[in-house]
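Visitor: As a plain string of letters, each chain reads:
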Amino acid sequence: MKTKKGFKLRTICGENIIVAEGVENIDFSRIISMNESAAYLWKNIQGADFDADMLTKLLLEEYDIDEATARQDATQLIAKWQEAGIIA
Amino acid sequence: MSQDHCQIKTVQMPNEVFLPFVIEQLNNGHTATLPLRGRSMRPFLEDGRDKALLQLCDYPKVGDAVLAEISKGHFVLHRIICIDGNQVTLRGDGNLSDEYCLLSDIKAKAVGFYRKNRKKIDRTDGLKWRLYSWWWTHLYPLRRYLLFIIYPHIPQRFK
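Read top to bottom, the protein sequences are chains R and V. Under this note's numbering, think of the first position of the first sequence as -4, with each following residue one higher. Under this note's numbering, think of the first position of the second sequence as 13, with each following residue one higher.
One should not assume that every hint holds.
[To be verified] Calculated cross-link-like contacts (lysine-lysine; reagent style DSS-like; alpha-carbon spacing at most 27 Å): (1) Lys21/V / Lys140/V; (2) Lys(-1)/R / Lys52/R; (3) Lys21/V / Lys(-1)/R; (4) Lys(-3)/R / Lys21/V; (5) Lys21/V / Lys0/R; (6) Lys75/R / Lys21/V; (7) Lys3/R / Lys119/V.
Read the hints as simulated data drawn from the structure, not as lab findings.
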C-alpha cells in the first residue's frame, strides 16, 4: 500500500497534524494528528510502497522495542490509517 | 510506542501560532472550518459549541464577521462596524467596546456558522444571520442590558 497523495504532515505547536491539500475545506475541528512514532513512520514511507513488515523494520530501527510489539503496533497503525482514509 | 495512534482528542493551540497556520491554508486556496472560542460573539455564537466557515476576504464590508489581527499575534473574529479609508472598527456582538485595525489586518471572513452541533450551516448571506445582524446591531444602545438579561452575572463583590 501507499500513502495517498496530498496528505501532508505538518508540525504546529508540537502537534503532528495531517493537512489534506486536495480538499477544498479544511475542518480544523476534526483533523488527523499523529503521535511521534506514527509521524516518524509517515515521514519515512512517503511515496514508497509499504507494508506491515516495512513499518515493523522502521520501528525496530528507531525504538528499543521487541519485534512482536513493533509488528502489533504496525498492524494497528495501518488499520487506523485505512480508517482515516489516508492510505490506499 | 503508544497504542493509540489515532484516538480522538481535543487539542488547543495558542492562537498566535495556530491562526497564522490557518491563514496560510486560506492563502493556499482552501476554506477552513474553525471551532470558536470565547464569548465575544454572543448571543449568536457560543464558546466551544459553534464553528465558523472562513474564507479569504478580498473586499471586507461593514457588517461582515471577520478574522482580524488587531495587534501582533492577537486575533479576533468580530463584526466590522465601520470602515473609514484604511481604518476599520470592529466590535464583537457580545462586547460593548470597539477594536481598531487596518484593512490589511483583516485576514478572512466568516461565510457561515455551524451552530449547536448542526450539520447545516447558517450562511452569513442567509436570512437568519442578516435578520439577527440587523436587530442586534440596531439594539446596540440597549446591548448592555440585553446581555445582562440573557447572561445574568452578578459580580462576586455584590453577592
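Visitor: Hint by hint, say whether it matches the structure.
Guide: These are the hints, each one checked on the structure:
1. Lys21/V / Lys140/V: The given pair, whose Cα atoms are some 32 Å apart, is violated under the 27 Å limit.
2. Lys(-1)/R / Lys52/R: holds, 21 Å
3. Lys21/V / Lys(-1)/R: holds, 23 Å
4. Lys(-3)/R / Lys21/V: With Cα atoms ~26 Å apart, lysine -3/R and lysine 21/V stay inside 27 Å; holds.
5. Lys21/V / Lys0/R: holds, 25 Å
6. Lys75/R / Lys21/V: Within the cut-off at roughly 15 Å; holds.
7. Lys3/R / Lys119/V: holds, 23 Å
Consistency with the previously given hints fails for number 1 only.
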